[in-house]
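Student: Work out the full structure: start from the sequences and follow the hints.
These protein sequences, in sequence, are chains A, B and C. Quick note on numbering: the first sequence equals residues 1 to 350 in this note's numbering. Quick note on numbering: the second sequence equals residues 351 to 775 in this note's numbering. Quick note on numbering: the third sequence equals residues 776 to 829 in this note's numbering.
Be aware that a few hints might be false.
As the list claims (entries may be wrong) - From the derived model, a few chain A residues whose C-beta atoms are all more than 10 Å from chain B:
| no. | residue |
| --- | --- |
| 1 | Asp161 |
| 2 | Gly162 |
| 3 | Phe279 |
To be verified - Partner residues aside, some chain C positions facing chain A, computed with beta carbon under 10 Å:
| no. | residue |
| --- | --- |
| 4 | Thr778 |
| 5 | Asp804 |
| 6 | Leu820 |
| 7 | Leu827 |
| 8 | Lys829 |
No lab work stands behind these hints, which were simulated from the structure alone. Yeah, the Cβ is synthetic: ideal placement off N, Cα and C, and Gly gets one too.
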Amino acid sequence: MADQIKVVFYMNQFFAGIGGEEKADQIPIELEELKGPALALSQVIKESNAEVVKTVVCGDSFFGENEEQAKKELLGMIKAASPDIFLASPAFGSGRNGVATASICSAVTQELGIPAVTAMYPDNPGSELVYPAYALPTSNRAEKMINVLEDMWDFALKVKDGEVRGSAARENYIPRGVRKNEVDESTAAERVLPLLLSKIKGEAYVTEVALPKHDAVEAPKPVTNMKKATLALVTEGSLVPFGNPDKLESWWGEHWYKYSIEGLDDFEKGKYETIHAGFENANIDDDPDRLLPLDVARIAEKEGRIGKLFDIYLTTTGMETATSSAKRMGREMAEFLRSEGVDAAIVTGT
Amino acid sequence: MLELVSNIYEVRSIAFGDSTFYKEGVLSINRAEVEALIREDENVGEITLSLTKPGDSARIVHVWDVIEPRTKVDGPGAIFPGWLDAPISYAEGTMNRMPGAAVVTCTEYSPDSDAYTVQCESIIDMSGPAAEICPYSQTNNLVMEILPRDKMSIPEHNKMVTKAGLKIAKYLADVTIGQVPSKTETYALGKKDPNLPNVALLLVVSGSTAALDTYINGFSCVGIMPTLIHPNEILQGSLVASTALVASIKNFTYDYQNNALINELFKDNGVKHNFVGVVVERGYAYEYDDKVRLSSHAANLIRHLEADGVIITSEGGGNILLETMLACRECEERGIKTAIVMSEFCGHQGTGSPFVDSVPEADLIVSTGNTEELMEFPEMEVAYGGKTWIATDVPSNKAIKRSIYDTVASANSMLGHAKLKAYDY
Amino acid sequence: MITAMPGIAERIGCHRVVKGVAINNPTGDARLAREEELVQRKKILDASLELLEK
Chain A
1 MADQIKVVFY MNQFFAGIGG EEKADQIPIE LEELKGPALA LSQVIKESNA EVVKTVVCGD
61 SFFGENEEQA KKELLGMIKA ASPDIFLASP AFGSGRNGVA TASICSAVTQ ELGIPAVTAM
121 YPDNPGSELV YPAYALPTSN RAEKMINVLE DMWDFALKVK DGEVRGSAAR ENYIPRGVRK
181 NEVDESTAAE RVLPLLLSKI KGEAYVTEVA LPKHDAVEAP KPVTNMKKAT LALVTEGSLV
241 PFGNPDKLES WWGEHWYKYS IEGLDDFEKG KYETIHAGFE NANIDDDPDR LLPLDVARIA
301 EKEGRIGKLF DIYLTTTGME TATSSAKRMG REMAEFLRSE GVDAAIVTGT
Chain B
351 MLELVSNIYE VRSIAFGDST FYKEGVLSIN RAEVEALIRE DENVGEITLS LTKPGDSARI
411 VHVWDVIEPR TKVDGPGAIF PGWLDAPISY AEGTMNRMPG AAVVTCTEYS PDSDAYTVQC
471 ESIIDMSGPA AEICPYSQTN NLVMEILPRD KMSIPEHNKM VTKAGLKIAK YLADVTIGQV
531 PSKTETYALG KKDPNLPNVA LLLVVSGSTA ALDTYINGFS CVGIMPTLIH PNEILQGSLV
591 ASTALVASIK NFTYDYQNNA LINELFKDNG VKHNFVGVVV ERGYAYEYDD KVRLSSHAAN
651 LIRHLEADGV IITSEGGGNI LLETMLACRE CEERGIKTAI VMSEFCGHQG TGSPFVDSVP
711 EADLIVSTGN TEELMEFPEM EVAYGGKTWI ATDVPSNKAI KRSIYDTVAS ANSMLGHAKL
771 KAYDY
Chain C
776 MITAMPGIAE RIGCHRVVKG VAINNPTGDA RLAREEELVQ RKKILDASLE LLEK
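Tutor: Here it is as structure tokens:
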């Protein structure tokens, strides 16, 4: 007889019957008995020779406010049960629940290597957090729970057997912010013209590439008095001492470097250069202050318009650089500058 | 009516022989004659000629340009105007072309060249996974590795190799003169049907420095304002590639001669739409105001063509994205609907956003795939064009893992022939 | 942030953006005489300092 498939199921406080909003601070626990969707699931999966061996619960607010701790505790409980499949109760349109189910599914797959599936309304903010696990699309309202659980189970079995290989559209799960290439049957030329003709005629059309969405960044508070502040100079234009001693990349930037400008009144031609591969370097090599305005910044310091010019400038390369690398480097640079008592920075981009 | 007649002589196999001739699908090439023609340029140093066929366990590296053999046989003007003959171009006449064959030029910059122009690798694998996504893996290729005799500036080096490729492309096609073609096609914009929508094509191309350039009838695109050009001129080689850009999204001369977007626009011309013309805009302008000026003027030319819609395409990545997006905005503001053909930069894992900037009007974008996806390139029996993968010690026939972007020639081409597409996963 | 493409900087979330001269020389212009260039560069710096206090 084939081995029984072990399933661990996750629910929030509401589906676990603990309470509503007032119990959203429920700490992570294991349930003694099958209830609600967990019970329904156990019926659905019986004929697949599968059993819900454990149910774990966490309040939506507790998860949202203590994510690292919640994940750690839940992962411990889940790991102890050695499941073959992990399912998290459908969140439908509930944002906090969706964030929790998606996050725990993602962690289970990433850290425990166990296939994990949940479900929610496609616009649920949780849908952006579920990779490398999966979320199936549902309606906004909590309805047809059994059907959704059945779909989740069928899908989870496919994931377990390595049969989910195609795109989100083909396999019917919510896109997870990952794009992969496939060789299409038709060329871009064959696809673009009919789409354009539809657009011209006022008929429906669907873009193949959605426009990028960017994180909102909170503006740091203004400098109270520049005359007392320490200002740093930073650039993504690959400004390096001549000869590029640390071998900063010309593209695919991964590293950033610090170089002293103590006592320097400007960047002298022949002593500094740019090695950026994204534009013709001649103008900056001729006068590197055209990339990072050290000369006028030093004058501003001497005239008292800046309290102090930080003794070190920072540089990296912003061509063909992964967004994630850029974010990491920006964070590292900011942490360094802050630890050195820098109040403000001028960043030049090319 | 301006009509270009294209006589087709398909090449099914290619071989070196005692003389250069074409017969029943076989193209025979005399090495000595090819070499002698290339050596008409005194700046040429070493020449190495080889042949590759689809399916060979062969790799071509350091590819500079790919050209389909074509020659003008009747009517005014010349093939590749401004390179081999007077820079006079006509949208009508008759040309012979040889689909199934291609001239591939390869070269290597000397190590102490201007470091800004990092020489980008560009390969053609004749078999294996990369062959599926490269158009020149399907052609019978005459591979010409050409090196300069003495040190040359990069722009001069580029021109030397470009011209050699065009010269041999014409020389090969010349042997078809007088023979009966297997097929004939005609290209004409024709009279507009007032009941059909008018569609134009906007090509945004390299034209910022002498190393990142495109040529129109032998004239550099650096700094030019957008211009109208008849698609029949492009088919006859009016647009010649000359840009040291990354492999998968740079335009090769072959991609202009066999422009999938132009072919698609001609296909149902007069049936589903009116193909009203082509505008070429150079991109990579260094100042923002210049980008705005260029794209605004391009939009005005497209409006002048009375286009209801325009397909916008570009070449390369980086700040040329702005010319593309601004052209989209300027066209939409003039009531011209746009569709953009765009390659994506989602990073090696596919998790980055496809491109960094856009305008809200860019609501119809067709994908030519994530350029930064990694691929395994298997070991091949032989490799031509260079001894090692560029800027590495790895022999060029050996296996390597790299992104499509700086490896596979024309794989994500925005000129429309790419079948690669990025999907949400 | 000093960049020749201020729109991009703004769209990705930068709050204090000053328009630079060109991609290949954000704080300079090889076409200008040296003295004019310094005046231009000082203007860009001053605009940046002003923004930092806002």
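Student: Check the structure against each numbered hint from earlier and tell me which ones fail, lowest number first.
Tutor: 3
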